[in-house]
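Chemist: Based on the sequences and whatever the hints tell you, model everything.
Residue numbers (this note's numbering), protein chains in the order written: chain A, 1 to 472; chain B, 1001 to 1447.
Bear in mind the hints are in silico, worked out from the structure with no lab data behind them.
Among the hints, erroneous ones may be present.
As the list claims (entries may be wrong) - One-sided and incomplete, this derived list gives chain A residues near chain B with beta-carbon spacing under 10 Å:
(1) A31
(2) H45
(3) S46
(4) G53
(5) N68
(6) E77
(7) V81
(8) Q175
(9) L260
(10) G375
(11) G376
(12) D388
(13) G411
(14) N412
(15) G435
(16) G458
Unchecked claim - DMTMM-like, lysine to aspartate or glutamate: derived pairs with alpha carbons at most 25 Å apart:
(17) K223(A) to E363(A)
(18) K258(A) to E1214(B)
(19) K266(A) to E1186(B)
(20) K258(A) to E1126(B)
(21) K223(A) to D135(A)
(22) K140(A) to E1341(B)
(23) K266(A) to E1184(B)
(24) K87(A) to E1033(B)
(25) K302(A) to E237(A)
(26) K1257(B) to D135(A)
(27) K1322(B) to E125(A)
(28) K258(A) to E1044(B)
(29) K258(A) to E1186(B)
(30) K436(A) to E1033(B)
(31) K270(A) to D1187(B)
(32) K29(A) to E198(A)
(33) K258(A) to E1137(B)
(34) K365(A) to E237(A)
(35) K140(A) to E1414(B)
(36) K1063(B) to E42(A)
(37) K1133(B) to E60(A)
(38) K90(A) to E1122(B)
(39) K1257(B) to E210(A)
(40) K1063(B) to D116(A)
Where a beta carbon is used, it is the ideal one built from N, C-alpha and C, also for glycine.
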Amino acid sequence: MVDKQLLKEVLDLALANGGDFADVFVEHKQATGIGAEGGRIERVHSGIDAGAGIRVLNGESTAYAYTNDLSREGLAEAARVVSRAAKGAKKDYNLDLRRVEPLVNFTIRERPDAVDTGRKVAAVEAADRAARAVDTQQIKQVMVGYGDVVQQVVIANSAGDYVEDERIRTRLMVQAVAAAGSVIQTGYEAAGSLSGFELLERFTPQSIAETAARRAVEMLQAKPAPAGKMPVVMAGEAGGTMVHEACGHGLEADLAQKKLSVYSGKQGQKVAADVVTVIDDAGMADRYGSYRFDDEGVPARKVTLIENGVLTDYMYDRLTAGKEGRASNGHGRRESYQHKPIPRMGNTYIAPGKADPERIIKETKEGLLVKKMGGGQVNTTTGDFVFDVAEGYLIKDGQVGPMVRGATLTGNGPEVLRIVEMVGSDLGFTIGTCGKDGQGVPVSDAQPTIAIKELIVGGTGHGKANGQIRRL
Amino acid sequence: MVNNALNIAQFALERAAALGAGMIEAYLNSGREMTVEVREGRVETMKLARDCGLGLRVMVDGKTGFAFTTDLSREAVENIARQALANASRTAADPYRVLPKPYAGYPRLDIYDPAINQAGEEEKIELARQMEKAARELDSRVNIIESSVYQDAESEVTLVNSHGIAATYRTAFCGLYIALVAGEGEDSQTGFALDYRLRFNELDAAALGRRAAERAVRMLGARPVSTRQAAVLLEPYVATGFLGLLGPGLTAEAVQKGRSLFAGRVGRNVASPKVTVVDDGARPGGIASAPFDGEGVPTGRTELIGHGVLKGFLHNTYTAAKDGVKSTGNGVRDSFKATPEVGTTNLYIEPGDTSPAELIKNTGDGLYVTEVMGMHTANPISGDFSVGASGILIENGTLTRPVRGVAIAGNVLELLKAVDGVGNDLTFFGGKGSPTLRVSRMSISGR
Chain A
1 MVDKQLLKEV
11 LDLALANGGD
21 FADVFVEHKQ
31 ATGIGAEGGR
41 IERVHSGIDA
51 GAGIRVLNGE
61 STAYAYTNDL
71 SREGLAEAAR
81 VVSRAAKGAK
91 KDYNLDLRRV
101 EPLVNFTIRE
111 RPDAVDTGRK
121 VAAVEAADRA
131 ARAVDTQQIK
141 QVMVGYGDVV
151 QQVVIANSAG
161 DYVEDERIRT
171 RLMVQAVAAA
181 GSVIQTGYEA
191 AGSLSGFELL
201 ERFTPQSIAE
211 TAARRAVEML
221 QAKPAPAGKM
231 PVVMAGEAGG
241 TMVHEACGHG
251 LEADLAQKKL
261 SVYSGKQGQK
271 VAADVVTVID
281 DAGMADRYGS
291 YRFDDEGVPA
301 RKVTLIENGV
311 LTDYMYDRLT
321 AGKEGRASNG
331 HGRRESYQHK
341 PIPRMGNTYI
351 APGKADPERI
361 IKETKEGLLV
371 KKMGGGQVNT
381 TTGDFVFDVA
391 EGYLIKDGQV
401 GPMVRGATLT
411 GNGPEVLRIV
421 EMVGSDLGFT
431 IGTCGKDGQG
441 VPVSDAQPTI
451 AIKELIVGGT
461 GHGKANGQIR
471 RL
Chain B
1001 MVNNALNIAQ
1011 FALERAAALG
1021 AGMIEAYLNS
1031 GREMTVEVRE
1041 GRVETMKLAR
1051 DCGLGLRVMV
1061 DGKTGFAFTT
1071 DLSREAVENI
1081 ARQALANASR
1091 TAADPYRVLP
1101 KPYAGYPRLD
1111 IYDPAINQAG
1121 EEEKIELARQ
1131 MEKAARELDS
1141 RVNIIESSVY
1151 QDAESEVTLV
1161 NSHGIAATYR
1171 TAFCGLYIAL
1181 VAGEGEDSQT
1191 GFALDYRLRF
1201 NELDAAALGR
1211 RAAERAVRML
1221 GARPVSTRQA
1231 AVLLEPYVAT
1241 GFLGLLGPGL
1251 TAEAVQKGRS
1261 LFAGRVGRNV
1271 ASPKVTVVDD
1281 GARPGGIASA
1291 PFDGEGVPTG
1301 RTELIGHGVL
1311 KGFLHNTYTA
1321 AKDGVKSTGN
1331 GVRDSFKATP
1341 EVGTTNLYIE
1351 PGDTSPAELI
1361 KNTGDGLYVT
1371 EVMGMHTANP
1381 ISGDFSVGAS
1391 GILIENGTLT
1401 RPVRGVAIAG
1411 NVLELLKAVD
1421 GVGNDLTFFG
1431 GKGSPTLRVS
1441 RMSISGR
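Modeler: So, in structure tokens, the structure goes:
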């Protein structure tokens, strides 16, 4: 994309007025999107978004400029803009630009840019048909979205690092709308990973579509979720929205350093029950939040955040690591060249324990079973979080009972992690786009089946079941 | 730049026509942006940018294709013309996929304040500093400023289509945002404020700083309440969040595709008579105002719900052709990377004549909700929501103590019908706005 000599010139220009560190992030992103609704292919989009972001760090301040003019003059102008904003003491730097080696490697079997658009369209059509076939009466609408991205990046910095990388991500999502009488409900399912078109062999369009459609149809029969405090079991297949919200964000070093996290200054302290170990591993193969290098060119690795209940580490980018005189652990990510890197999650999970998942449900006298989590949100300062229950059931005397709808679970991160009572031996990942400071990045998260003593269920039901549960 | 953009657009039209496209539309956007983030008086981040791009839509025998590029060289433009045509060949033919014909004129709008560009960098940094300072001065318990941000952006839009539309406009906005923490003992609470404007001299940094500080300080000592049903007051920011949930269902696209909760209800009561909802793409001072939409159709005012009665839906050229009506000028593009889909511009609930203080006084017992969490998990198709909430308890018409860690749940249509009070304090948060709303009864889940 941009040759090394030009990158050196750009870094020199960026540091012309001083500064501790400079880097250049050059990106060329080719994206394809296909959408079907109403049983027809409505949208086939493709395009190229290319640009560069140049940054100078000086003390605790960041100057950042981006442009999508990748010519010599365009890059030089952006570098001059950033150097004017940076002003600082001149320091020695090293521009030998050695190639950094990754700690993990991924294999892409079928590059999406080499797959004929017709095959991608066929996958979307197959998903649409499969969803409709689940219930030809009650399924009223099906939306299928396919997307792939081939992102090439070149990263160079004044520490002399040089990284060339290619990230290929593929994703398929299905949303089904079911209606009966005046009740209208939706079901959603998605698969995505750092892989090529082979993703759709592991997760076939049919299976994704059927899961979404069944969920929509079953929700028609669901009763309103109860309101109030009760024990909650989260199934291994439910995903990891809770770990992402309850502690993931709070363990990002920028928030912790600014004391905007309930986990600030708690390294080495007990913050969760003994059975809780939390890991972020961006180096896992085939996950949506995987990468070989982060967006600052730091190799991805497995980071243990909480070990047997004790806080062991935070997620760092270069800036936050520098403030503590340590090295980044590979969590500096950005949405695109238009954004500066900040500490972000990759693939976050609670490590599996020893308990038999079925036994966890059997030992629950009364409560809520979460079979699928939806989106969530957290206030890291207070630790309060919420997440949506996309599929939930009541549990009574160890038996899974009727489905409920419209529930959100609310809790406080550190409080909830302390009352995790059992951790199962299973583990299931789901994918999402995580938003922070206006930047969206692909992530995945997972939990084993876990039992939590109590959480607030935000439903609308005020029936008998609720009264019984509230006495617990 | 404008001439250059028109030239690039014309070139794209020529190439797409030569490759066999029937109807063609080129949309170019070029602009600059600046963001300054201040913490403890120092500039923490300064971001400066320029960007541009082209989105090209083509129609061949009723099939539509789209492609975009940030590279505006002739070679790259030729390449996306080819891609757009290839993409079109894969879509289903649809006779309603058409482009608008030229219009006699567009509304004249005051949407470019040169003062935004003329103000110096130092002056803008100073606004962020003032906001931070005012927040700290309001109360000594304000102990962490997460960020105090000044932001502005300027863009030039050029739209050319093969029916002869060739139009441009220039627009700029500026804004301030602050997020902070107040602490007392072990307790920490957050507060924020934001304001985006078309005019530089309308920004009031000190007032925003104080508002954010008040929001955090009043929450100190918050704790959950017990599960109950009660009257709920929604602060403008929270009410605007619920309005955002209604937006998608008020588009003709959602109606035509069977995913609108308002489908088939035009002329019927869908909300309390106190509720009037308007979308106005030409609203004076509106951050989303522009003379024409993403397809070159003039913008304007559309009453969607009038005194509780559903009046109609928002349209772009496609949904209007399908329903045999005129586009309302709501073909909204997120950027040159997206096609013009039916969307909202300046969407708001008309204010009533009661002050928020009077609404609180008349409430008796209830919850004044000042923040919700997880609004993005609510379902715009069914209207069901369940969100985490915090706010202040209302007892005997008086705000008594802060509440956090509860959830409120219901259905947005039922919420609209249960509105029994509308404040006179319409406040915009970007392109959406609402006054304070009182809802007669809602489920609150707590301890």
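Chemist: What hints, given by number in increasing order, does this structure fail?
Modeler: Every hint satisfied by this model.
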